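**Student:** Residue-level listing of the chains:
Protein chains: 2
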Amino acid sequence: MNTLPRTVTGALLTLLERDGVLPGTLSTRVYRAIRAAILDSTLKAGDRLPSTRTLAADLSISRSTAEAAYAQLEDEGYLTRGVGSGSYVSADASAGRHARKSRLNAAASPALSKRGTQIASMGGCVDARVVRAFSAGMPALESFPVEPWQKLLARHARHDASRWMMYGDQQGLPALREAIAQYLSLSRGVHCDASQVIVLTSSQQALGLIAMLMLDDGDPVWLEEPGYRGAQTAFSGGGASIVPVPVDNEGLRVDEGLRLQPRARLAYVTPSHQYPLGVTLSLARRLQLIEWARQSNAWIVEDDYDSEFHYDSRPVSAIHGLDQHERVLYVGTFSKVLFPGLRLAYLVVPRQMVSAFVTARSQVDGHASPLMQAVLADFMQDGHFMAHVRRMRELYRARRDIFMEEIDRHLRGRLVPLAAQGGMQTSCLLADQRLSDQRLAGIAADVGIDLPRLSRLYLGADKRNGFVMGYSALAPADIREGIRALARIL
Amino acid sequence: MNTLPRTVTGALLTLLERDGVLPGTLSTRVYRAIRAAILDSTLKAGDRLPSTRTLAADLSISRSTAEAAYAQLEDEGYLTRGVGSGSYVSADASAGRHARKSRLNAAASPALSKRGTQIASMGGCVDARVVRAFSAGMPALESFPVEPWQKLLARHARHDASRWMMYGDQQGLPALREAIAQYLSLSRGVHCDASQVIVLTSSQQALGLIAMLMLDDGDPVWLEEPGYRGAQTAFSGGGASIVPVPVDNEGLRVDEGLRLQPRARLAYVTPSHQYPLGVTLSLARRLQLIEWARQSNAWIVEDDYDSEFHYDSRPVSAIHGLDQHERVLYVGTFSKVLFPGLRLAYLVVPRQMVSAFVTARSQVDGHASPLMQAVLADFMQDGHFMAHVRRMRELYRARRDIFMEEIDRHLRGRLVPLAAQGGMQTSCLLADQRLSDQRLAGIAADVGIDLPRLSRLYLGADKRNGFVMGYSALAPADIREGIRALARIL
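The listed protein sequences derive, respectively, from chains A and B.
Residue 1531 in the numbering used here sits at position 455 of the first sequence; the count goes up by one each step and never skips.
Residue 1390 in the numbering used here sits at position 314 of the second sequence; the count goes up by one each step and never skips.
Think of the hints as simulated: they come from the structure by calculation, not from any bench.
Do not take every clue at face value.
Identical copies look the same in the list; a pair holds intra-copy or inter-copy alike.
Claimed, not checked - In silico DMTMM-like cross-links for lysine to aspartate or glutamate, where the CA-CA straight-line distance does not exceed 20 Å:
#: 1; residue 1: Lys1190; residue 2: Asp1245
#: 2; residue 1: Lys1120; residue 2: Glu1402
#: 3; residue 1: Lys1120; residue 2: Asp1269
#: 4; residue 1: Lys1120; residue 2: Asp1484
#: 5; residue 1: Lys1539; residue 2: Asp1508
All values reported here derive from a predicted model rather than from experimental measurement.
Generate coordinates for the entire structure from the input sequences, incorporating the hints supplied.
**Tutor:** Structure follows, in structure tokens:
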């Protein structure tokens, strides 16, 4: 990625002057100038823009004018704004430019296919790469038992070279599949054996394979509204027609799904604690969902992404264990419960589908790292895994308590936390729903605070403004400091 | 996968008896009995069948009758036959059964979507997992410099935990991208910098991303005939319409491609030494291909899978370096030149497409292992990589020489080796083209010899019978012994 030459503000000034006769507020004019620079390729995908502070100083405009312009550009997909890392011209903008060019000149073929343009315009699945208040879904890596892990890694690296250098089992290392099946049976009430477990590199890969094998173009899919963006990109990318189904305090409203689109082929749910609202799918709804799937030969994709962390009661067992009809595909990942760099996840499928999934998996990406699978299998077998889960459950519970107390102390009446009985983050609504979470997140980003926006996770027009605030990776002092800094902004 | 209970031969006998009144040779009746058992689910996907030897003994039929029945079942996709590991009911059969059921009963929804059924029926990308004469594409793992690798792994594992545990760069570790760009510039004449390199887990993943972003459903794609099956599954899986374009002694016949389908969106080629025929794409054809791509806004996918190994002359530079119009996407992998278990490969794309590819990559699978990328970056930077390439070039050249001598000594007039100036395997035609490579491969498999079939790599009806025979991973004694065993069979 290039860094923008400082002369760009000169170019922007020229554009602003050229635009001088057009109507519009100052922030609209700044927005138009930057957009024009992107569309005529003066600014290219990946170019970094000056901070709103610098831009405001350079153009002699107020900071909030610059902020409003950037917010609109981000909203329309021209900019991607990272916390601390600045604002960049986005891939979407580039794709948009190509689409525009091809409209202008039908003879010139766009670089990407229609599908490619659509996929690029959905944006990527971006995970925070630095621990910061209040990035969501980050494990407390400093508490990971790195020593036993290193020992196991060293042992396998030294003694089993011929095994980890060779092509591996495409379904996954049998010892690891055994360990996963055992863990899921004991801890999550999933009824499966190792022959149904497929080891993958990420839960995103699991969703992609499900889209490939279970859906045809245009097939309707229920997604939770609000919900996980990665599921939307995976299923949209697979050509599905997305049906956002609202979530209430019992989770997915199955009745609404039936009303909106009873012929859906698949429902994607996060029943343990819904992402991002945190509610648990009630037993009645679970049974209703299973009954729907049975009657209409549809599928339930159960994403149990961080179900290990329930703080106030025993976690509810997985839907998988309730289902007598083999309609559930169960997805889990080690990115949250161990560490994201591990690149291991898993999918449990009905017995008659195993070979189709292994075939498709081999077509998209061969198999997962044999060395990392061997290390993880031992880590689980030796009891380190369950011990770590228990320790993290205590640690995250304590952090959640501090987080809730601090919110209550410093942001009462401004931020309203939702269900927080589990997980690694809690969604908080803005008490004043007329405030834009996008704008506030932009301001917070400038002081180094990451506020993942709730409104982004809605697909429909009825969005709520708020933040999906992570606490699991933050030391108590960082939680306190972050909340106080936030209190000064909100 | 289940192992078949021994009583299955009893069930087969019953089926044979029931079938007794139907006409047909004995082998046709055995074929029909097994197929019936698969279709009525007596035999399920993954079930293992008895060896032809055992079946022949159990049913009191000749070995060649059993072999003919198995060959027909394999040909029609009911069985998958692995060397040494036996014969299994294939996923294809299972998919076929579902398709059949759904035809019989339109009310019952098949488990897989239409696309899923098609994807599963293409079969998986299967790589040999045991070194054996004459599996193709296997590096000599015992010659890998495992000690420096282990040292680098131990060093990174010990000191950089916070880095390898976290989410990584979705495009790939910058130090590794630098090392790859430098290597490609120096050794392959690829004109790129690190910002155009995308680190992936496999070249198969690269092909999948290209299909996602560059193709729409039904877009025609030129594939070499015969050619790499993995490319076919990736592009067919992405909805492309495959156009097999014949290969002659100058490589892909661009003129035939233009005649068959001038409006193709993409051409997939292995120009360095064509897989599986081993020829190098001539300069005239390269220029013709680039000119076609430029004129028709089409893309060239250059898969340089084992270009490191040229034995009799300097390797020809990549097409990528010849192309002035940014029409080439360049794919490479470390599976062949280092080891398959590493799970690292790369893709070089035109500058304006980088962000779209990184976005799509994040949607399908996040990023590659940060730890393995860091180890590989150091391994390349410290010079181990190039030293290893040079050593393997010498080793494989010597093995190729022995292989060719042995073929000449023991199989002259029966097997005709094709171009063998590079790579890790050489295709050999059956001198008598009336012989079926499938049948011979089945017989060889029973004595523990793997003969990857050439005829499988043709998509059209005009197939040649032969074998894609690997030698790179075989010690001289194993090459000699394997060729002698083969001489007794052929």
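**Student:** So, for every hint listed, does it hold in this structure?
**Tutor:** Checked hints:
1. Lys1190 with Asp1245: So Lys1190 and Asp1245 fail the 20 Å test inside a copy (35 Å) and across (27 Å) alike.
2. Lys1120 with Glu1402: between (49 Å within a copy, 17 Å between copies)
3. Lys1120 with Asp1269: Between copies only: 17 Å across, 50 Å inside.
4. Lys1120 with Asp1484: neither (44 Å within a copy, 59 Å between copies)
5. Lys1539 with Asp1508: within (13 Å within a copy, 71 Å between copies)
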